[in-house]
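Q: Chains as they are written, first to last, in this note's numbering: chain A, 1 to 400; chain B, 1 to 400.
Because the hints were derived from the structure by calculation, they are not lab data. Among the hints, a few may not be true.
Same chains, same label: a pair holds when it works inside one copy or across any pair of copies.
[What the hints assert, rightly or not] Computed cross-link-like contacts, EDC-like style, restricted to lysine to aspartate or glutamate with a CA-CA straight-line distance of at most 20 angstroms:
# : residue 1 : residue 2
1 : K252      : D264
2 : K251      : E275
3 : K252      : D284
4 : K252      : D291
Number of protein chains: 2
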Amino acid sequence: MTQTDRRVLISAPGKVILFGEHAVVHKKLAVAASLGLRTYLHLEENETGQCRLHLPDVDIDLTWPLSELSLNVDRKALDTDHPDNIPEEIKQQFESWMGVTTKENQRRAVLSFLYLFFVLKTDKPASFGFTISTRSTLPVGAGLGSSASFASCISTALLVLFNHIPIGFTQSEKKESYLDTINRFAYKAEQVIHGNPSGLDNSVCVFGGALSFRRGERFVPLEGFQSLQLLLTNTKVPRSTNALVAGVGAKKEKYPNVINPILDSIDNISLRCCEAFKSGSKEDLAQELEDLVDMNHCLLHALGVSHSSLEKVRVITEEFGVKTKLTGAGGGGCALSVIRDDVNVETTNLVAKKLAEEGYDCYRTLLGGTGVNAVVLGDDSLDQTWLLNADRETLESHAI
Amino acid sequence: MTQTDRRVLISAPGKVILFGEHAVVHKKLAVAASLGLRTYLHLEENETGQCRLHLPDVDIDLTWPLSELSLNVDRKALDTDHPDNIPEEIKQQFESWMGVTTKENQRRAVLSFLYLFFVLKTDKPASFGFTISTRSTLPVGAGLGSSASFASCISTALLVLFNHIPIGFTQSEKKESYLDTINRFAYKAEQVIHGNPSGLDNSVCVFGGALSFRRGERFVPLEGFQSLQLLLTNTKVPRSTNALVAGVGAKKEKYPNVINPILDSIDNISLRCCEAFKSGSKEDLAQELEDLVDMNHCLLHALGVSHSSLEKVRVITEEFGVKTKLTGAGGGGCALSVIRDDVNVETTNLVAKKLAEEGYDCYRTLLGGTGVNAVVLGDDSLDQTWLLNADRETLESHAI
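Only chain A is shown next, with the shape it has when bound in the complex (with noise of 0.2 angstroms):
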């Protein structure tokens, strides 16, 4: 196998917002963490002198031959503090490599990647080619992190791929600053998915592990933060994130001396969180967490952001003396079961049945999963087709 023959597996873990969401719109502490559900990302470097872009996920198969790939206008324009406001020329010729990606979520994801591209591109031979495909084990649009997870995958590919950093970055005394640009530019992919992200996300699936934050500050790792076992419930009612956030605002406004005491609250829930990681013992620790997570869901239901779909899977958890918040926007979307360690594993199989047999989506899995990473895949039969069918085992088996 040649250096250009190289196959790299990159993954990057998706977030759970623990403490404090609707809260941090209104300046409160929110805490969010990585989890074990990760995108993966396949890059293969070939001297086929095209890009291929193969994101099955969002049904996106595009391949261009590089040469083809060129802009006519100077790169630095691309240099802006937002990728919305370059020049209109670049962004018409980025539209007519879209191909026919009517959707939305299509031609999002299509222009992070040109965008990340034509940013991070260097002098390559004219045999150079390559090809991306993504996987991700995330629900998509679940409040999960999927945009952010897949943005970071897509930044350290390109990183890699153009020698901005070197693929074992993550074994690097330099790691942080690796991290930090990788970051950077998942960010920026962000902003093109998204708009005005808060940075949250790419952070939380860039680094890993857990982050405390308050609007207009800097994220802070969580002291003394312990992976913990988890359940997801996808209950897959639709909603819209800001018909929501708009709602707490109103009853905010209506009722300002009822809301502002519920938010000053779930700081201190965000608050305690930290602290309990800090200071606790495992024990003690599980325990805290899940009174907080029950109260936080209260009071998250009493700011007007739960479902009758997310009060039936507290019902089903509580039953079996599981404590269960929504996570996310709410309004249906996903909760989270926080899993004891003395929890046995038939109880969580029987939850996850009942979870299940009302419709929902289960997924058992660890907070704090790791950060971005990428490995090289010595056996030439970990392909594309590989990636899109090996389990979820499978892949983090060899992704981490």
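Let chain A serve as the given structure and place chain B on it in line with the hints.
A: Below, chain B alone, put in the same frame as chain A:
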């Protein structure tokens, strides 16, 4: 019919806590209101020389010759700050009249009667006799003030019987003063029954309408209070009020910065309720009460005093757009649902049917029933048997 044959129907409403249960223990404002569900007391004066106390709800039917109901000690000894502090020899005499009333609630019902009887009795001819029969449409031990309602009726009956107040006290110019007197003795009876009651329950039962209260302060009638339709659901799940109160205290101790703002929020919910009655139009009022009911329940849930049965009631009523909160101690017990004027009868029937299918008892009634009342029954046929067998509508039509 002679004067000594007169029959009087006395009645007093139950009470429901609208907002602020549990928080009130921590000096937050609470709001309680009377109910359309009442306790009825049938007082018959006769010339049997006997006193009959007939309380079928607690399975009591005792008859004493009035000549035997006399104390060996000075009656002034009854004038203590708390009925528990009366001399031991009086207690022993009370016990000797008790008969085979082994259950604590039976004992306390009879004791409260005997205590008030000796405090209030005046000289009467030797032939003087009377029968007191009671019947309640309130569920017992469900946090709906059944004992305070009973205490208010007994207090009124004995005050009327011994001519301390006129039967027509509600039409009198001195009504307020008479109600104060009734309330003072109703509180004494509540002390016999409950030990250390707050005095809220009997105040609501005696005065009717709605009151706000904060521990250590005087009760304040709600300005502009309007009657509202209510659905009460008794889950019949037994619970210990003391254990629930202690649980909230323990949570407050463990998570003060989380729980204190929740209690503040509840305080402001009660305040907002008072303001809403003072200033709101009926439609705004209904909307606001629904919002406050919903938020207050979620906050009580956050305090840990809900129960799966109460959550089920909320899920069922929510399907019909009806807002529900637990009322009283929680952990089971009763839930109250606000029924807006624009909710049609069919919907309310359907909700009640669904709740009954779960095994719960449903009561459709009004918030803000009239306080204690007494009417002379002109018709001889309206005797104790009538009282025990009449339906709720018939009793209500005679009593108020």
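Q: All hints, please: hold or fail.
A: Comparing the hints with the structure gives:
| no. | hint | in the structure |
| --- | --- | --- |
| 1 | K252 <-> D264 | both (12 angstroms within a copy, 15 angstroms between copies) |
| 2 | K251 <-> E275 | between (30 angstroms within a copy, 17 angstroms between copies) |
| 3 | K252 <-> D284 | between (34 angstroms within a copy, 17 angstroms between copies) |
| 4 | K252 <-> D291 | between (25 angstroms within a copy, 12 angstroms between copies) |
The earlier numbered hints are all upheld by this structure, with none contradicted.
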